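A.B. asks: Just so you know, the protein sequences line up as chains A and B, in that order. Mapping of the first sequence onto our numbering: position 155 corresponds to residue 155, and the numbering continues sequentially without gaps. Mapping of the second sequence onto our numbering: position 17 corresponds to residue 17, and the numbering continues sequentially without gaps.
Rather than coming from a laboratory, the hints here were simulated on the basis of the structure. Because the structure is a prediction, the values reported are computed rather than measured. Mixed in with the good hints, there may be bad ones.
[As the list claims (entries may be wrong)] Here are the simulated SDA-like pairs of lysine to any residue, each with C-alpha atoms no more than 20 Å apart in a straight line:
1) B/Lys-263 - A/His-119
2) A/Lys-206 - A/Thr-38
3) B/Lys-165 - A/Lys-206
4) A/Lys-74 - B/Leu-86
5) B/Lys-159 - A/Phe-78
6) B/Lys-197 - B/Leu-86
7) B/Lys-58 - B/Cys-77
8) A/Lys-228 - A/Asp-184
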Amino acid sequence: MNYHSPKNSTKALENISFAVEKGEFLSIVGPSGCGKTTLLNIISGLIKPSHGEVYIDDEKLTSFSSKMGYMFQKDQLFEWLNVWDNVFLSIKIQHRSTVKYKNKIAAMLKNYGLWDFIHHYPEELSGGMRQKVALIRTLALEPEFLLLDEPFSSLDYQTRLNISDEIFKIIKKEGKTAIMVTHDISEAISMSNRVIVLSKRPAKLKRIYNIDFEGNHDSPLKCREDPKFRIYFNNIWKELNN
Amino acid sequence: MDYIKEREVYLKNVNTRKKKIIISRIAILIAFFMLWEIAGDLGWVDPFLTSTPSRMLKNLIKLYAEGNLFKHIGITCIETILGFLLSTIIGTFIAVLLWWSDFVSDVLDPYVVVLNALPKVALAPIIIFWVGNGIPAIILVTVLISVIVTILTVLNGFKEVDKDKIRLLQTFGSSKFQILTYLIIPASIPTLVSSLKINVGLSWVGVIMGEFLVAKEGLGFLIIYGGQISQLDTVMLSIIILSILAYAMYEAVSIVERKLRKKMFH
Numbered sequence: 001m002n003y004h005s006p007k008n009s010t011k012a013l014e015n016i017s018f019a020v021e022k023g024e025f026l027s028i029v030g031p032s033g034c035g036k037t038t039l040l041n042i043i044s045g046l047i048k049p050s051h052g053e054v055y056i057d058d059e060k061l062t063s064f065s066s067k068m069g070y071m072f073q074k075d076q077l078f079e080w081l082n083v084w085d086n087v088f089l090s091i092k093i094q095h096r097s098t099v100k101y102k103n104k105i106a107a108m109l110k111n112y113g114l115w116d117f118i119h120h121y122p123e124e125l126s127g128g129m130r131q132k133v134a135l136i137r138t139l140a141l142e143p144e145f146l147l148l149d150e151p152f153s154s155l156d157y158q159t160r161l162n163i164s165d166e167i168f169k170i171i172k173k174e175g176k177t178a179i180m181v182t183h184d185i186s187e188a189i190s191m192s193n194r195v196i197v198l199s200k201r202p203a204k205l206k207r208i209y210n211i212d213f214e215g216n217h218d219s220p221l222k223c224r225e226d227p228k229f230r231i232y233f234n235n236i237w238k239e240l241n242n
Numbered sequence: 001m002d003y004i005k006e007r008e009v010y011l012k013n014v015n016t017r018k019k020k021i022i023i024s025r026i027a028i029l030i031a032f033f034m035l036w037e038i039a040g041d042l043g044w045v046d047p048f049l050t051s052t053p054s055r056m057l058k059n060l061i062k063l064y065a066e067g068n069l070f071k072h073i074g075i076t077c078i079e080t081i082l083g084f085l086l087s088t089i090i091g092t093f094i095a096v097l098l099w100w101s102d103f104v105s106d107v108l109d110p111y112v113v114v115l116n117a118l119p120k121v122a123l124a125p126i127i128i129f130w131v132g133n134g135i136p137a138i139i140l141v142t143v144l145i146s147v148i149v150t151i152l153t154v155l156n157g158f159k160e161v162d163k164d165k166i167r168l169l170q171t172f173g174s175s176k177f178q179i180l181t182y183l184i185i186p187a188s189i190p191t192l193v194s195s196l197k198i199n200v201g202l203s204w205v206g207v208i209m210g211e212f213l214v215a216k217e218g219l220g221f222l223i224i225y226g227g228q229i230s231q232l233d234t235v236m237l238s239i240i241i242l243s244i245l246a247y248a249m250y251e252a253v254s255i256v257e258r259k260l261r262k263k264m265f266h
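Sequences are here, hints too, so could you generate the full structure?
C.D. replies: Structure (structure tokens):
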């Protein structure tokens, strides 16, 4: 992927190729400014790469597909809509019938502790709850996989640990495939099946780590206590700095 | 001291301060008019040049008795409100067009800058030839004066909407029109309202300017006419009425603003 501006051209990404399995949680880490978000935008189809292709189930991706859901760094909730209307935004925009989705979305809101807040406005919610609403909004259209762009980076540390744990469980429970971009190594290790390490710009694929906590992988918080966590962390840390 | 008492004291202090401010404001107003009156009556200043509150009051009664006062006020108000509404609507509409197409926006940029810098009153002679010597000319001057600022303020507001929110809607597959109606306009309500406030002031400037140039009725006409026949009482009186009206209209917009904010932010 090359970026052009009148003054200069930047090579952002070079020779990156990987596959994601169904139901897998994949993280991409790399030094800041290396092009992680660009990579995610290419995968989403929001921008077209200079070279290269994206395939979903052997089908070439040409524009943004409704099989995908995108979650941003900030929750990007609309302040002038209440929780319910925020969650139904995508359904209204696609002119789908709200009736069809009502039960499913109501069930999600109930399961994930937001039912009592559906008439509240985003400014009345805590940062963690807002991010959960954002996730349900993304899940509303029933995407097959999720693209997460540093989804916890705007939260404070404690909320971040709790919410990443909760959101991980929601994603697993809904059976979604996820690709997450992050600069937080611990977060990547604790949530993922595999971690991709990118180099400095132009970003190349440095290495892919398989993360395995042997059956302990249903809670990111617990993973952090696993003795292997340190080892993974040190390996990736060295790889990033080298 | 316990918590509740502390709070009571705090609230009392806030209240006293508020009262003090209002009393001081009224005191200044009364003092100003009294000093004006005394200065005129005792001959410190020439009442022919400065008028006095009592002379203005007499003038007010005279104008009222002639039956023209409310006609003048009414015409000026209608012109201002029409000019205000038209420039807000036209300005917002053009801002939407410029937001819609980056190309058009870039092409027109220098023209907008020139039009913004140009003193629009300079166009008045042409306008009089085009639309005649009357209310349409006044409204056109008003619209010209405030429309460019409206375009610039509103467009700026549109462009400040978070890019990620636009990307979010794109991931939902929304059309450009949907991005406009679902996101850009609701997100820009605060900007729209602040542009309303600027427009109120500019509309008054436009209307009075216009009336100076062409009118046979209205407060601007009264001011010019009073000056021509050396009736400075009428001029001063008209200015005072104008201040009251401008203040009232500004307050009306503020009330609308508060209502809108409440509705948006509950």
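A.B. asks: With reference to the structure, classify each hint as holding or not holding.
C.D. replies: Quick rundown of the hints versus the structure:
no., hint, result
1, B/Lys-263 - A/His-119, "holds (14 Å)"
2, A/Lys-206 - A/Thr-38, "holds (17 Å)"
3, B/Lys-165 - A/Lys-206, "violated (32 Å)"
4, A/Lys-74 - B/Leu-86, "violated (38 Å)"
5, B/Lys-159 - A/Phe-78, "holds (16 Å)"
6, B/Lys-197 - B/Leu-86, "holds (14 Å)"
7, B/Lys-58 - B/Cys-77, "violated (23 Å)"
8, A/Lys-228 - A/Asp-184, "holds (17 Å)"
Consistency with the previously given hints fails for numbers 3, 4 and 7, ordered from lowest to highest.
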